[in-house]
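2 protein chains.
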Amino acid sequence: MPEKARIGLDLFGGDNAPMSNLEGAIFALKNNLIDEVHLIGGEENLRNKIPENLHNKIKFIKAENSVDNHTKPTEVLKLKNSSIYIGNEMMKKGQLDAFVSAGNTGALLAAGTFVTGRIEGIDRPALVIPLPGKNGPRVLVDGGANAELKPAHYISLAKEGIAFAKFLGKKNPKVHILNIGTEETKGTKIVKDAAEFLKKDDKINYAGFIEGRNIFDENVDVIVTDGFTGNNILKTIEGTAYYILSELKREVSNGGIFTKIGAMLMKNSLKGLKKSLDYRQYGGTFFLGINGILVKAHGSSDSEAISNALFVANKAVKDKIIDKIKDML
Amino acid sequence: MPEKARIGLDLFGGDNAPMSNLEGAIFALKNNLIDEVHLIGGEENLRNKIPENLHNKIKFIKAENSVDNHTKPTEVLKLKNSSIYIGNEMMKKGQLDAFVSAGNTGALLAAGTFVTGRIEGIDRPALVIPLPGKNGPRVLVDGGANAELKPAHYISLAKEGIAFAKFLGKKNPKVHILNIGTEETKGTKIVKDAAEFLKKDDKINYAGFIEGRNIFDENVDVIVTDGFTGNNILKTIEGTAYYILSELKREVSNGGIFTKIGAMLMKNSLKGLKKSLDYRQYGGTFFLGINGILVKAHGSSDSEAISNALFVANKAVKDKIIDKIKDML
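Residue numbers (our numbering), protein chains in the order written: chain A, 32 to 360; chain B, 32 to 360.
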């Protein structure tokens with residue numbers, strides 16, 4: 032572990048690339064959120080956009096902007112000059128400690144899995160997602176990397192989730208499997224068999240099945256599910272929150288003057304509500320289980336989101352999140 | 032189709048049975064929401080609790096209270112004197128047009144499938160759930176009856192969903208399949224193959240994949256998914272809505288006097304919000320695809336919920352919802 036964390040940033044990925052990405056990197060450096068950044072896809076001619084006193088903390092790595100949202104995941108393995116390939120290759124070679132990209136998720140996962148490579152003993156790397164909830168954050172895994180899973184794969188997912196829950200400050204995190212009922216007889220054969228695997232592993236504090244209605248309850252740490260269900264769940268949470276807030280707005284705009292005054296008086300509370308629902312407050316989405324720290328920033332990331340993703344990547348390097356996984360194998 | 036719809040009500044099912052069930056039936060009759068009710072599990076000694084002028088609209092059918100929440104689904108097929116078995120048997124024999132129960136869901140589905148029996152040409156009956164959303168209700172199917180499905184089964188689900196969307200007043204309802212992306216290449220082999228089946232069926236207005244974040248959007252009519260995902264989605268919506276409203280409460284109670292005044296002024300809007308999220312406003316949950324109208328009332332139903340379930344069952348009889356399905360086969 033180097034004293035300084037070397038964080039790579041994909042300058043091409045994301046809807047607002049490259050400027051938001053560059054600005055996010057500058058902000059993170061200015062505020063000492065990271066030690067140094069490698070701008071992958073960056074040309075030396077960008078140097079004049081960077082404050083002089085930060086020059087020694089930024090490195091430029093040439094790369095092609097050859098992956099877009101239509102690139103099929105495995106295609107990236109042939110695009111060896113793409114920023115996504117190069118970022119992962121540098122992790123593999125030990126030239127980077129972490130890599131942040133807001134680019135094509137599928138391509139990023141493929142490059143993570145096949146270029147950086149899996150941790151030995153982990154058979155399914157997965158997207159690990161922080162969620163808000165009562166008494167603090169919790170972790171959902173898999174957020175969409177593996178649409179289909181075999182029961183034994185839940186062991187990998189559980190350990191990735193535990194490592195991330197510890198990263199978020201949880202002690203001895205409990206692991207639940209998402210299911211359509213909490214009784215042991217409920218659900219598909221896959222989740223029932225998965226439960227048996229988790230029960231038997233003494234590195235996993237297995238706590239039984241959990242239903243979707245209890246995701247935000249107190250005392251929930253890690254929720255494990257397949258990537259198809261997990262991705263659908265995440266997007267449903269997003270859709271439900273958006274719908275509720277838009278209904279609230281509609282009620283206010285249909286309401287009388289007192290309602291409108293009421294909404295004005297409640298403005299700060301409503302802002303607080305929005306903030307408490309924003310999972311980005313807990314940092315980016317990690318692709319855990321590979322032998323490097325890969326952070327997926329949202330495709331629509333602005334400079335603040337990029338800066339935040341760089342910060343959590345840096346923190347994960349310092350907290351040795353990969354060692355936390357290896358300790359459980 | 033008889034002029035009077037004969038609705039059966041399970042007097043035993045539900046947390047507040049039998050009194051809430053009985054009160055719900057009385058309320059529905061008093062307000063002419065239904066024509067007549069068969070109280071399954073009712074004893075003649077209940078007659079003194081019923082207003083005299085309703086006596087001719089209520090029939091008592093003896094049954095045993097032998098199914099509880101621990102009864103395994105298929106066990107009910109041996110419990111031939113249970114209210115759930117008898118209600119379905121009466122539908123099978125043409126003695127009832129619809130049956131409403133707040134009892135054990137699994138047992139109810141098993142009795143519906145094997146006692147009442149499937150509609151010929153439907154290979155998977157499913158739970159059809161009305162959801163709120165922009166510009167009115169939409170339908171999610173399967174809400175949890177079939178945890179695992181083959182691609183061809185999506186045809187049954189789509190047709191059940193279409194029939195229910197028509198019941199809710201939609202013209203030529205569109206059908207979406209829930210998936211983790213809208214591109215045709217996304218998702219599991221099952222949903223991709225299911226899409227091909229729906230495309231080919233000219234009775235289905237197939238509109239492509241939909242993501243969880245768009246469930247509440249305008250122009251969404253029918254969303255088809257397997258019962259494992261569907262049930263998880265429904266419970267996640269419930270959990271998210273509950274969490275958001277409780278966070279809002281917390282923000283208000285942590286807020287100052289102005290926030291509290293604001294909340295008071297917004298009281299009606301917040302009530303309106305709560306109501307717009309309550310899917311019960313659109314009626315009960317139907318188990319469609321069997322040769323009878325089976326309505327599942329929520330386990331925690333109060334008399335109002337029971338009355339509402341009886342009302343929608345009655346309406347489904349009058350609207351000939353089963354014929355709507357048969358027309359598509």
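Think of the hints as simulated: they come from the structure by calculation, not from any bench. Worth double-checking, as some hints may not be accurate.
Which copy is meant is left open, because identical chains are indistinguishable; a pair holds if it fits in one copy or across any two.
Okay, derived cross-link-like pairs now, DSS-like style, lysine-lysine, Cα gap no bigger than 30 Å in a straight line [unchecked claim]:
id: 1; residue 1: Lys217; residue 2: Lys103
id: 2; residue 1: Lys181; residue 2: Lys298
id: 3; residue 1: Lys165; residue 2: Lys230
id: 4; residue 1: Lys231; residue 2: Lys305
id: 5; residue 1: Lys111; residue 2: Lys302
id: 6; residue 1: Lys109; residue 2: Lys291
id: 7; residue 1: Lys181; residue 2: Lys103
id: 8; residue 1: Lys357; residue 2: Lys220
id: 9; residue 1: Lys90; residue 2: Lys231
id: 10; residue 1: Lys165; residue 2: Lys302
id: 11; residue 1: Lys291; residue 2: Lys231
id: 12; residue 1: Lys109; residue 2: Lys298
id: 13; residue 1: Lys223; residue 2: Lys346
id: 14; residue 1: Lys302; residue 2: Lys280
id: 15; residue 1: Lys231; residue 2: Lys103
id: 16; residue 1: Lys202; residue 2: Lys88
id: 17; residue 1: Lys217; residue 2: Lys123
id: 18; residue 1: Lys109; residue 2: Lys230
id: 19; residue 1: Lys291; residue 2: Lys88
id: 20; residue 1: Lys306; residue 2: Lys109
id: 21; residue 1: Lys80; residue 2: Lys35
id: 22; residue 1: Lys217; residue 2: Lys181
TODO: Tell me, in ascending order, the numbers of any earlier hints that this structure violates.
DONE: Per hint list: 2, 4, 5, 6, 9, 11, 12, 13, 16, 18, 19, 20 violated.
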